[in-house]
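Colleague: What follows is the residue order along each chain.
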Amino acid sequence: MTTVPAPRRSRRRVPSAPYLFILPYLLIFATFWAWPIVSSFLMSFRDSRLGATAPFGFANWSRLVGDEFFLTALRNTLLILVLQVPIMLTLATALAVALNSRLLKLRGLFRFAFFAPLVVGTVAYSAVFRLLFNSDFGMVNRGLTGLGLGPVDWLNQPGPAMAVIILAMTWRWTGYNAIILLAGLQGISEEVYEAAAIDGATPWQQFWKITLPLLRPTLLFCVVLSIIGTLQLFTEPALITNSGPGNATMTLGTYLYQQGFRSFNFGYASAIAYTVAALAAIFSAIQLRLFGRES
Amino acid sequence: MTVRRADSAAPAQVTAAQPGGMRAQRRAAAFWLHLALIPLALLFLAPLWLMLVFSTHPETAIFSPNPPLWFGGAFVENFRGLQADTNFLRTLANSVVIATLYTLLSMLLTSMGGYAFSKYAFPGRNLLFGLILATLTIPTFVTIIPQFILVARDLGLSNTYWAVVLPTLANTIGIFYMRQAFQTVPNDLLNAARIDGANEWRIFWQIALPIVRPALAALAILLFLASWNDYLWPLIVLTQKDSYTMPVALGTLVGLTRVSWGGIMVGTAIATIPFLILFLALQRLFVAGIAGGAVKD
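First to last, the protein sequences are chains A and B. For the first sequence, our numbering assigns the number 1 to the initial residue and increments by one for each residue that follows. For the second sequence, our numbering assigns the number 1001 to the initial residue and increments by one for each residue that follows.
It is worth saying that the hints were derived from the structure and are not from the lab. For every residue, glycine included, the Cβ atom is placed at its ideal position computed from N, Cα and C.
Just a sample of chain B residues kept apart from chain A, beta carbon distances all over 12 Å, derived:
1. 1071
2. 1075
3. 1076
4. 1081
5. 1093
6. 1100
7. 1156
8. 1160
9. 1161
10. 1206
11. 1211
12. 1214
13. 1220
14. 1241
15. 1242
16. 1243
Here are some, though not all, of the chain B residues that point toward chain A, as calculated from beta-carbon distances under 7 Å:
17. 1030
18. 1037
19. 1044
20. 1063
21. 1067
22. 1120
23. 1122
24. 1139
25. 1141
26. 1231
27. 1254
28. 1264
29. 1268
Have a look at the derived ranges for each label pair, beta carbon to beta carbon:
30. A:288 <-> B:1186: 30 to 36 Å
31. B:1065 <-> A:206: 49 to 55 Å
32. A:49 <-> B:1210: 49 to 55 Å
33. B:1123 <-> A:200: 55 to 61 Å
34. A:87 <-> B:1064: 32 to 38 Å
35. A:208 <-> B:1065: 45 to 51 Å
Chain A extracted, bound-state conformation (with noise of 0.2 Å):
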C-alpha cells in the first residue's frame, strides 16, 4: 500500500548485466535456430550433393513443381489438415465448455480422461493404435465384428488409412487444445452469462452469441498451433502406417525425412521444408485476417 510510485524500470547499476543474463541463450538460439533457419533458405538454391561450391540456381525448386512423390505428398498433408484440424478443434471447444460447466459432476475425474493422453508420447501412442488398428486382431475390428459391422482392413487401404491418423492426431492433441480453451473460456466474465440468462437468452444462443466470440482469439491461437503442427507431421504416419498403403499416408514430413536423411539430399529436403514454412505462413496470415481482425 505504497503512497510513493514505484519506478517503472529498475535501474542497471552494471549496464553489462543484462547482456550477460541474455548472452548464453542468445549462443544457443543464434547457432542452432537463427542460423540454420538462414542457411536451410540459402541450401534450398543449391544441390547439395555437389558440395559446398555448388552453385545458386532454382533447381530444387523447379524439382518440386513436378516431383509427384512430393505432390502426393502435399495433399496429403493438406488433406489431414482440412479434415483433422476442424474435427479437433470442434470437439475440444465442446469439451472446453461442458469442463468448464458447473452442471458437470466428477469433473476431476472427466479432465483426467480427457488431458491424460497428452503425456503419452508420439512414438508410444502410435504403437498402440498400430496395435488397435490391427486388420487382423486389432480390438477395433474385433469391437466392429461384435457390433455386427465387418470388419476393415484399416492399414492397408488408403482411406480407412488415412482415418487412423486423424483419429490417433485428435485423441492425442484434442485434450491439449480444450486446456488452452478452457484456460479462455475462464477469462470471460460469469457476469456477462448471469446477463444474458436474465435477458431469457438460451444456453444455446449463450454459446453463439457470448462464448463463442469472446473465445475467438484463443481458439485463433489453438488454429494456427495445430496448422504448424500438422503441417509437420511426421511420428503417426511413419510409424502408424509406414507412409502407405502405396504413398497413401506419406506426408511433407515423412517426404522431407526421406529425402534429407535417408537419400542425403538436404538441398531438395530444404526445399520441402520451406514449402511447410510458406504454407505455415500462408495459414497463419489467412487465420488472421479471416478471423484476427477485433483481438
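Since the structure of chain A is provided, determine the placement of chain B on it from the hints.
Modeller: Below, chain B alone, put in the same frame as chain A:
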C-alpha cells in the same frame, strides 16, 4: 445488459431464485451432458487402458479371438523380451539423462533470458525480443537439416547426449513464458536488494527466481515431458543402438513384425506411467503450464 449487471445476484442465489420448471430443465441438461461425456471419456481412456493391460500379456493372448481386458501375468516375461531386443534399460537411462540435462539447462537459460527481457531496459532489447518472437511461428522442419549438419558433421557429436540436448535448448516459447512469469515480480523488491548491496546475479538467483518457482515448476514438467517424448531429432542424431533414447528404440520395434507386441506395450507403458501418475498428482501444474504457453513439442 450492462444496467442489470450491477444487481445480478451471485450464481447460487440465481439458481435458488429460478422457478421449478427452470430447475427441471437444468437437471435434464445435466443428464444429457453426462450421457454424452461418459462414453466419450471411456473412449479416450480405452487406448491407455489397453496399453497397460496388453503389457501384461504375451502376444498370443493379445492376438487371440478374445483379447484380454484385464491384467495378466506376463509383464516380467515381456520386459525380458524387450530388454533383449533393445537393451531397454540402457535406452531408459539415456532418456533420463537427456531429459534431465535438457530440463535443467533450458530452465537456466530461459529464466536468465526471460529475466533480462522482463526486468532491464537496455539498448537492443525490443529488437532482440522481436527477433526471438518472430521465429516462433517458423516450423522446426526448417532448421532440422542445418542443425544435423552442424551437430553431426561440424561438431562431430553424433550419438552423444549433447547432440540431442544442444539444438533443442533454443526454446523460444520457454523464454517468452519466463518473461511473462518475471513480470509478476515487483521491481521495488529488486531495487531494495540493490540498495542493500546485492549484485545483479544474486538478486536474480536468490530473490527473483524463488518468487517464480510455481511457473518454473510448470515449465520444468513440460520441458521434461517434451524431451522425454521427442522422437524425430533423436532419431536423426542417434545412430548407434546403445545411444538410442526410449522413443527411438521403441520406434525401431514398431515397424518390425517379428517382435512381440507385449514387449512394445511394456516399453510404451514404462514411458507413460510415471507421467500419468505425475499428471494425477500435479494436474494443476500441467494445466497451468500448457495454458501459460505451449512448449515446443
